[in-house]
Amino acid sequence: MTLLLNIALDGIAYGMILFLVAVGLSVTMGLMRVVNLAHGGFALMGGALAHWAGADLGLGFWPALACAILGTVALALPLERLVYRRIYGFGELQQVLATIGLTFIVIAAVNRWQGSALLPVPLPETLSRTVDLGFRTLPAHRIAVILCGLGVILGLWLLLDRTRFGIRLRAAVDNRAIASAHGIVTDRIYMATFGLGAALAALGGVLGAELLPVDAYYPLRYMVLFLMVVAVGGMGSVTGSFAAALGLGITETAARYLVPDMATFAFYGIVILVLALRPQGLMGRIA
Amino acid sequence: MTEGLVVRGLSKRFGGLVVSDGLDFDLPPGARKALIGPNGAGKSTFANLVTGIHAPSSGSIRFDGADISDMDETARVRLGIAKTFQITTLFTGLTVRENLRLAVLERERRGFRLFCRADGDPEVEAEIAALMDQLALEPLADRVVERLAYGQQRLVELAMTLALKPRVLILDEPAAGVPGSETHLITDAIEALPADLAVLIIEHDMELVFRVARSIVVLVAGRILTEGTPAQIASDPQVRELYLGGAHG
Amino acid sequence: DEIRVGVVAPFSGPFALYGTQFRQAIEAWQATHGTRAGDHEISFVYKDSGGVNPDLARSLSQELVIRDRVDVLAGYVFTPNALSVAQLATQSETPVVIFNAATSAINAESPFFLRTSYTLPQVSAPLADWAYAQGIRSVVTTVADYGPGIDAETAFSEAFTARGGAVTDTIRMPLSTTDFAPFLQSVRATGPEAVFVFLPGGPPTFAYAKAYAENGLKEAGITFLGTAETEESNLQALGDGALGLHTAYHYSAAHDSDANRAFLAAVEGLGDDAAPVNWASVGAWDGADLIYRMVEAAGADGRAAIEAALGAEWESPRGPVRMDPESRTLVQNVYIREVTRNPQTGLLENAETGIIATVGDLGWKD
Amino acid sequence: MAEPVLELDNVSAGYGPGHVLRGMSLRLEKGGKLAVIGRNGAGKTTLLNTVMGLARLHGGHIRLEGRPIDRLPPWRRNHLGLGLVPQTRDIFPSLTVEENLRAAQHGDARIEEAYMLFPRLKERRKNGGTQLSGGEQQMLAIARTLMTSPKVILLDEPLEGLAPVIREMLMQAFEDLAKDGTRSVILVEQHAAAALAFAGRAVLMANGRIVHDGPAAELAQRSDLIDRHIGVAMTADAPEKGTRHASHA
Amino acid sequence: MKRALPFILLLAGTAAMYLLMPYNLAFATRILVMGIFVLSIDLVLGFAGIATLGQAAMYGAGAYAAALFAAHAWAEPVAGLAVGAAAGAVVALLSGLVLMRASGLTLIMLTIAVAALLAETANRARDLTGGADGLRVAFGPVLGLWEFDFIGQTGFCYAAAVGACVLGLLALVARSPFGLSLRGLQSSPARMAAIGAPVYPRRVAAYTLGGAIAGIAGALSAQVAGLVSLETFSFTLSAEALVMLILGGTGRLWGALLGTVLFMFAHHYAAAADPFNWLFAIGALVMVVVFVLPGGLLSLPGALKGGRHD
Ligand SMILES: Nc1ncnc2c1ncn2[C@@H]1O[C@H](COP(=O)(O)OP(=O)(O)OP(=O)(O)O)[C@@H](O)[C@H]1O
Ligand SMILES: Nc1ncnc2c1ncn2[C@@H]1O[C@H](COP(=O)(O)OP(=O)(O)OP(=O)(O)O)[C@@H](O)[C@H]1O
Ligand SMILES: [Mg+2]
Ligand SMILES: [Mg+2]
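First to last, the protein sequences are chains A, B, C, D and E.
First residue of the first sequence: 612, per our numbering; consecutive thereafter.
First residue of the second sequence: 15, per our numbering; consecutive thereafter.
First residue of the third sequence: 49, per our numbering; consecutive thereafter.
First residue of the fourth sequence: 14, per our numbering; consecutive thereafter.
First residue of the fifth sequence: 15, per our numbering; consecutive thereafter.
These aren't lab readings, by the way, just hints derived from the structure by calculation.
All C-beta atoms in this analysis are idealised placements derived from N, C-alpha and C, irrespective of residue type, glycine included.
Be aware that one or more of the hints could be misleading.
To be verified - Derived coverage of chain C by chain A (criterion: at least 3 residues anywhere in the stretch with Cβ under 8 Å from a Cβ of chain A; other residues may be distant): (1) 212-223; (2) 228-236; (3) 333-346.
Claimed, not checked - Here's a subset of chain D near chain B, in silico, CB distances under 7 Å, partners left out: (4) Asn-53; (5) Gly-54; (6) Arg-133; (7) Gly-148; (8) Glu-173; (9) Ala-176; (10) Val-178; (11) Gln-203; (12) His-225; (13) Asp-226; (14) Ala-229.
This is chain A alone, in the form it adopts within the complex (with noise of 0.2 Å):
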């Protein structure tokens, strides 16, 4: 029984984390269908400025968040102008080259700035204590990530589902020469997107980095984590990655309570049986 309710614990808690980690990408990747490997590189940024805001400029773990959210966002916009921009109008090959070169661009850069080591951000004391649930304790932290999760895709699928701009979004990325045709305005609408899925993942970043520490290259250790995540749960919907998420990190965690040497099996098994019975994932809308 405490095992059942050990896996499911830290099962949430740990696919919490996924989810954080790869919302971004389903925004940017899912949403947007732009082979953004350069994802991690922006959760790089978001977790190097909030290191550097806490070390560095000696701030505390919210203003150095919110520095690193800000941040992020500031050098995305550019970006997404002189670079993305372009991209998009690419074919999904030439994406995956743009989008490396970015992201190496983005490892070197951090690499120069704050070296190659583990770029931690000292958590909080709220944050760093432990609540006793009564069968065990668990990092107040991981409880922050759960809602901090929730809200997410609370907010996300208001956002997307609830809202013309959803519908302008999804219009605009279809066909964007004819939607934009139809008055829909493409460029504004990207940018805000995009935008979004920076923010994300530098919020990802920061918050999943008691698991996924951060260092100069985050970016390629985790991608292939990020991109599984969103294939699970089917490209385009936001709330197809928090299904995923969730199950892969249920699954793995039981198989790390139950068998822990097959755990890498049973992660890439789950994935392989979900793909190859369900080609567009969990929830993909079919394209």
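Fit chains B, C, D and E with the ligands to the supplied structure of chain A, relying on the hints for placement.
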């Protein structure tokens, strides 16, 4: 005698929507039939059921006495059932000639040959040339299909299907996008087909339908409303009200 | 004449820090000892092998030997990279001084391999002995599920059970693990007196140490027994959660000796961007030391250089060391350390709390 | 003579460096109905795309109500009153029928009005846009453009694939749109007769140029022109080297 | 003559590498091996449109198969190549049976997952593969005649010969009906089905052939290095090869080779010049190429001649 295509009790549902509702339909060799009906009546769906793009919800499709309901699209094409797409579907990155070459080679089952040249067979090349000649496509032969005007692509679409030398040919709005002055290319092509080939044409261009079809089936809301000769159909008051309108007298 | 040494190590990628530490240790050595050994002028050439990439490591080494005409090869962080040059070393009779790659079996592949780091059994087995001596009788082992992890697990378990202790559970954690909470909750549920851990350096170590603190193992009285987990380059990042972690290792930057202080001063003398000093730095420092000895004795003659190296003894920053002629790995002290906060600097450090007498490569099989 | 809403002045345009349109000049007056005819590949679609900003303008000027618009992005042109019904329909595939309409909705357009015009769409409102039949997609494309409340409507073969009754109904609807004198229509049609009957003025295009411009009734009489420019086989002197279509589809 | 030109250029290039870089034959050999590997991806992705980031699965399988075959059966390298090719083909065929029904991102993820599973399997089968320590194997002389030397002359000539054979084979395939049908598959699977071509078997066949070639590349790398490591299965390897391919231009064999040569040289010299910051250079190179020549290097002549191609 061979019986050609025989469809019995064919139904197709998309979710709650019944698009084909117990259709019975025959297309013997040599037939020249047209399928007409309002938009959304289920004509394209019927064509897709016959060619195996959609799986029927119930009913049977037989071809020359054999049940083909469970065959996939490829197998049916290989039996000789081919169709043009209503929405042009071509190898956009290849030239017109390569498009046709590919179709001919696949028809000849040579697609798995690894160690000879694709353009090395003079017979195949001659056949391609003849096809292009027939549809006046030669001037475009080496242009990439993607960069052709829509109407030009429609003609390539037809050529591709003819290249398969089918025994049953289903044309889904072959003339859509082709100017009236050039629909003769299409009617000529159809008239030049072997006499024992069965043709089913789906079209909203009534001039073309009346010129080509010997028999017309009217489909409304997934059911066959009536079937008759062009003259019968043109004067059928129900068809006029539901479909033809006032212009065709 | 000039003797050239080619250093193959990661200078880019996730493990770039090792390369940096190697280079800084060598520069510090040259800054304090000059560039001459006997009659010979010594210079170093650096090549970036990235991560585990034996093809690249081999071709770079080959280029160094053939084009740059180096007389000694050095560096090599990863076992496959080191192994890939065995044939080259033997055929070209080039001594290879391995600064890190810690699998015992490497040195058997070429008589020209020397190693100035340590081997996994060398530190794992003494840790088991020490744990038993502390009264610990039951241990759960948690190691990364790959070659080195399993070597460490085996060495620890064998030593511990030989003494009479019990390994109540062996957990092998996939290399890609990011969330260690489930493993540590399992350990907690088993309730041993200590948990032995072996992980590759970097993010996994960091995440494991955090998880150890957060899942209340320390409160539950389960002693942490590790090796490189608290190494200096990431130690500060672990924060207070690391206080009290026990490790057995051959080097601590906090080692109390003149040789170590000289070493630290030499590295600090390089300026602001000096990386934290740890085992990688000391491996390179001692490697440079050994190379100087070899060159002084034998110049460019590879065979003679190896002869000269075998049996060499000197005072390293880690304590006294001797190049074992048989295993060609250092015989050295292994220390038991505990993470404490230095009252003067306010920084975390590995305070040495005990010495396990000098040990050789316990994993060496001929 | 009524004031012009749309003026093209010596416009050259294409998709890459190649020119499809060469030196076109055109005027459309307020409330006017202009038919554009020409054979496959003449450049009719390119003309509309250029006006809408979807093709690349190489030279010349375009003015809407006297205001130059050639540098404006398509959405600005749309906000200023241009609406295009594309030939390939280009329904947004990931949106439902209703969302397709909502995406384009601007100003005081009401979705209910579109449903009144095409009741079929209301029945399919929750369907995915591309699950519609060909004709239904055509209706959706027209309705979607009407949602942007355009002053000048550019119709690229809007009748293609529609049942004859619906065509009649639509022609009437276009007629009504232009009736109050505030809205103008450019209609590209393959079927010269229908187009000329509808329009006040007509333009005949060949090879990217205007070969005739005048009252529609007059052109209808000039069978020599029509034969020469529509009734002959195709040639391929259009640019060989172009790049990708301006659309990012 | 015009047809033969690229081959002559290639021959000249190979000879030039041999003559100009006698001290860097190991590097030159790595280029050749990588070139073969990238060609295998070009066949699968550039021709058949099968998106993959897991081609390393077949590369690794070929490498381990060749090494194990040499260690336990016969150390002759050419036989080892055949074994490597077979291993690559078998892995591709078996995984392809599941994978080839998917497309797009899903397919990419599945290919990554297969490679990761194989890597984990090789890691766990430590007794056989040496696990993370790698597997060192001594190979015999090529055809019993030429011993691998540490300068790398044998290795280079051997790799060049294998590369020429693979290239010749692929050049044949590219022009064959099979090659044309692969381009058709990439362009429109729906139309392929409509002309009666069996889409799924054809995709599996293409993937298997690509797998065999990747297996050859892997086997070759094992033989010239005398060592196989788990990294032969790594995502990085697949991804790097993909970058090389796109750099050069997909769908044409020369693109694959050009991209490989450019990337490897850029990497080699950037890393030699500045081991710490070469990633800047590579990143910038990649971005510049993709923005200036979206079709890859191979579109350069067209772009220079006037009018950009796409
Ligand atoms: N995949 C699908 N899912 C749901 N509904 C569908 C699907 N495909 C078709 N339909 C619906 O089935 C009906 C019949 O479509 P079909 O394409 O067969 O019509 P059609 O007779 O060919 O019309 P048109 O003349 O306009 O081409 C349409 O109302 C369409 O919306
Ligand atoms: N995307 C494109 N890229 C390059 N050239 C194109 C493109 N689209 C069309 N063309 C070329 O431009 C010329 C004019 O095409 P356009 O589509 O404007 O003709 P159209 O008059 O509308 O013909 P249709 O009646 O067939 O629709 C044609 O020769 C065509 O090949
Ligand atoms: Mg239809
Ligand atoms: Mg047109």
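Now for the hints, and whether the structure bears them out:
1. 212-223: holds (count 5)
2. 228-236: As far as the region 228-236 of chain C goes, the hint holds, because 5 residues have Cβ atoms under 8 Å from chain A.
3. 333-346: Since three or more residues must qualify, the claim that chain A covers the region 333-346 of chain C is violated, with 0 doing so at under 8 Å.
4. Asn-53: holds, 3 Å
5. Gly-54: Holds. Min distance 4 Å.
6. Arg-133: Hint holds; Arg-133/D Cβ to chain B Cβ min 6 Å, cut 7 Å.
7. Gly-148: Hint holds; Gly-148/D Cβ to chain B Cβ min 3 Å, cut 7 Å.
8. Glu-173: With a closest approach of 5 Å, the Glu-173/D hint holds.
9. Ala-176: holds, 5 Å
10. Val-178: holds, 4 Å
11. Gln-203: holds, 4 Å
12. His-225: For His-225/D, the interface hint is violated, since the closest Cβ of chain B sits about 15 Å away, which is over 7 Å.
13. Asp-226: violated, 19 Å
14. Ala-229: violated, 16 Å
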